[in-house]
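Dock chain H against the given chain F, drawing on the hints supplied.
Residue-level listing of the chains:
Number of protein chains: 2
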Amino acid sequence: MECKTKKLALLGFGNAGQAFAKLLMEKHEEIIEKYGFDVVVTAVATNSKGNLVCEDGIDLHKALSDIDEFGRFMDEKNITEADTMKIVSEADYDVLVEMTPLNIFTGQPAISHIETAFSRGKDVITANKGPVAWKFSQLNKTARDNNLKFYYETTVMDGTPVFNLVDKTLMMAKVTEVSGILNSTTNFILEELAKGAEYEDIMSRGRRMGFIEADSAMDIEGYDAAAKITALLNVLMDADITPDMVDRKGIEDITVEDIKAADKRGNVIKLLCKGVRDEKGNVKASVKPEEVPKNHMLASIDSTTSVVSITTDLMKTVSIIEHEPEIEQTAYGVFGDLLRVLSE
Amino acid sequence: MECKTKKLALLGFGNAGQAFAKLLMEKHEEIIEKYGFDVVVTAVATNSKGNLVCEDGIDLHKALSDIDEFGRFMDEKNITEADTMKIVSEADYDVLVEMTPLNIFTGQPAISHIETAFSRGKDVITANKGPVAWKFSQLNKTARDNNLKFYYETTVMDGTPVFNLVDKTLMMAKVTEVSGILNSTTNFILEELAKGAEYEDIMSRGRRMGFIEADSAMDIEGYDAAAKITALLNVLMDADITPDMVDRKGIEDITVEDIKAADKRGNVIKLLCKGVRDEKGNVKASVKPEEVPKNHMLASIDSTTSVVSITTDLMKTVSIIEHEPEIEQTAYGVFGDLLRVLSE
Numbered sequence: 001m002e003c004k005t006k007k008l009a010l011l012g013f014g015n016a017g018q019a020f021a022k023l024l025m026e027k028h029e030e031i032i033e034k035y036g037f038d039v040v041v042t043a044v045a046t047n048s049k050g051n052l053v054c055e056d057g058i059d060l061h062k063a064l065s066d067i068d069e070f071g072r073f074m075d076e077k078n079i080t081e082a083d084t085m086k087i088v089s090e091a092d093y094d095v096l097v098e099m100t101p102l103n104i105f106t107g108q109p110a111i112s113h114i115e116t117a118f119s120r121g122k123d124v125i126t127a128n129k130g131p132v133a134w135k136f137s138q139l140n141k142t143a144r145d146n147n148l149k150f151y152y153e154t155t156v157m158d159g160t161p162v163f164n165l166v167d168k169t170l171m172m173a174k175v176t177e178v179s180g181i182l183n184s185t186t187n188f189i190l191e192e193l194a195k196g197a198e199y200e201d202i203m204s205r206g207r208r209m210g211f212i213e214a215d216s217a218m219d220i221e222g223y224d225a226a227a228k229i230t231a232l233l234n235v236l237m238d239a240d241i242t243p244d245m246v247d248r249k250g251i252e253d254i255t256v257e258d259i260k261a262a263d264k265r266g267n268v269i270k271l272l273c274k275g276v277r278d279e280k281g282n283v284k285a286s287v288k289p290e291e292v293p294k295n296h297m298l299a300s301i302d303s304t305t306s307v308v309s310i311t312t313d314l315m316k317t318v319s320i321i322e323h324e325p326e327i328e329q330t331a332y333g334v335f336g337d338l339l340r341v342l343s344e
Numbered sequence: 001m002e003c004k005t006k007k008l009a010l011l012g013f014g015n016a017g018q019a020f021a022k023l024l025m026e027k028h029e030e031i032i033e034k035y036g037f038d039v040v041v042t043a044v045a046t047n048s049k050g051n052l053v054c055e056d057g058i059d060l061h062k063a064l065s066d067i068d069e070f071g072r073f074m075d076e077k078n079i080t081e082a083d084t085m086k087i088v089s090e091a092d093y094d095v096l097v098e099m100t101p102l103n104i105f106t107g108q109p110a111i112s113h114i115e116t117a118f119s120r121g122k123d124v125i126t127a128n129k130g131p132v133a134w135k136f137s138q139l140n141k142t143a144r145d146n147n148l149k150f151y152y153e154t155t156v157m158d159g160t161p162v163f164n165l166v167d168k169t170l171m172m173a174k175v176t177e178v179s180g181i182l183n184s185t186t187n188f189i190l191e192e193l194a195k196g197a198e199y200e201d202i203m204s205r206g207r208r209m210g211f212i213e214a215d216s217a218m219d220i221e222g223y224d225a226a227a228k229i230t231a232l233l234n235v236l237m238d239a240d241i242t243p244d245m246v247d248r249k250g251i252e253d254i255t256v257e258d259i260k261a262a263d264k265r266g267n268v269i270k271l272l273c274k275g276v277r278d279e280k281g282n283v284k285a286s287v288k289p290e291e292v293p294k295n296h297m298l299a300s301i302d303s304t305t306s307v308v309s310i311t312t313d314l315m316k317t318v319s320i321i322e323h324e325p326e327i328e329q330t331a332y333g334v335f336g337d338l339l340r341v342l343s344e
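So the protein lines, in turn, are chains F and H. Throughout the first sequence, residue numbering follows the numbering used here, covering 1 to 344 in sequence. Throughout the second sequence, residue numbering follows the numbering used here, covering 1 to 344 in sequence.
The set of hints was computed from the structure by calculation and includes no laboratory data. Ideal placement from N, C-alpha and C gives every residue a C-beta, glycine not left out. Be aware that a few hints might be false.
[What the hints assert, rightly or not] Simulated crosslink set (DSS-like; lysine-lysine; CA at most 30 Å straight-line):
id	chain 1	residue 1	chain 2	residue 2
1	F	K27	H	K141
2	F	K288	H	K284
3	H	K34	F	K260
4	H	K195	H	K249
5	F	K4	H	K174
6	F	K122	F	K141
7	H	K284	H	K274
8	F	K4	H	K149
9	H	K27	H	K62
10	H	K260	F	K168
11	H	K135	F	K174
12	H	K168	F	K22
13	F	K284	H	K86
14	H	K34	F	K122
15	H	K260	F	K264
16	H	K174	F	K6
17	H	K27	H	K6
[What the hints assert, rightly or not] Interface residues of chain H toward chain F, partial, derived using beta-carbon atoms under 10 Å:
id	residue
18	L165
19	R265
20	L314
21	Q329
The shape of chain F in the complex, shown without the other chains:
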């Protein structure tokens, strides 16, 4: 088979980016065999580890080991002073892989990165949900109008097929409702509170285990869940909404007493995300703590496990569960999108 080259520019090289790089190295030969593409990384942009550019392909093995050993890139020949936007605008690549940190209130600068890549005729994969939550319909239109690929499976539930599930396996079915449990921090806190743990204890344990970020307000107040349900609804139901339009309530006011009262009713409290079309045809989204019966599937979704339920006109409701993902599952989401780029 003739083997073509596909050049990737990686924006962000944190845990997920590094896991993706490892997967790329591991599967390099298999990708050539199955898809006929020699995939190389020609640029890596980071905030704190330096930036690399190399038209012939960066030595990922060295990049990873340098980060392990020194905390930054040491490949002097390929280190560049160019910043992220300059790399997006000028580097030689075919596919932009957007994995920069999320700004949940604007989706920037990821949106600008993607717009710039599109303006240069590049395909885009984003693991950053900001662009899909804040500007999906415009970005998607630009991609379609210019015959470019734009994939974002990782933005909700890592590599678990959610967008691809509908697109690739529920053909011609029309999505009428989407719901789910999509934030593991709140899920973990509610679960531990129900077990009788103290709030402060849960937070410090969660931080130690890596479930809870230093600034947990984005999770606890429901902003993260709101961005995810917005992304789902924009893609699956053409909702054309932004996260600030979500009827959002976090778990900040849930007390141990609330949980005990729910327990007496045979229920547990979960932070549920929902989206349905109202009678005017507009999609209405909400994120709210709600009681669910203990024997309901939703009650079994614990800690980092998450679920999306998708209702369509032709297949009623189908739910998909991701069980206790690790960083490799995030990397697989990006990897799956890359295979989609290579196969279409």
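Below, chain H without anything else, positioned relative to chain F:
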């Protein structure tokens, strides 16, 4: 768009076949628009309603209303004395849609229908799990060798993507384990027993509600579940096994006392299907009643709801749940396979 004709031969025209015919009529124009094919049914073979053949396309509306009114086809011009195998061998069609009743112990005559269609260079969709459980690897090889399409999504969990989930959305991931709850009759019986209902009562109620067939032994003794896990493992793990190789135990010996004892341990009893590769590389399948904790996802899978959990090397475990399907969801499985035939 140029519009080509795609001719279907339907074997079997029971509830699922009729629902599929309705869906075909409803979506006829949309299929032309999206896929560029005018889909017509040129043959229908049944056991008790007569057989129809018409090269220009059978009037499905009349076929359905005749069955409603008279219980059999009345379209004199197109009624044929040819039997099912003669239709498979001689009728003019592009895609065979195999929906005849299952023989769970042999997979016949469905296997012969499919082999004959392949020998004539026809694509095949089967909703009958017999062929996938009893002869998948040979049938699949024949299809591949002759560049023919062979799809079977409906054979497990109706139109819920299971085979397509792996094939279309978990690219390059290798399936290492499959498990699930796949038989609604046993699921319903165990659930009702746990609620304190009497066995005889459950059976008569189940029969009235249509959950339980007149001859329920195939379900209760685990044969149906064994055929389903075999089909899953043959396709997803290249198991090359037959249903008689499944370590099978039904729920026939489960007593109310067993259920009460499990309840005291905080568990419920479910009929679980499983398949894993042993140390020699062979896939071992089992169907057995097992205890699962009440707060486990599996415990929440009630009555006609079913679940498959798929573990892969790259995505850990992903579960997909079909919630309380009706006959339209079976029809959608066949319909989805048809769209796949049209789109590839």
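**Study point:** Earlier hints that do not hold, by number
**Key:** 2, 3, 10, 11, 13, 19
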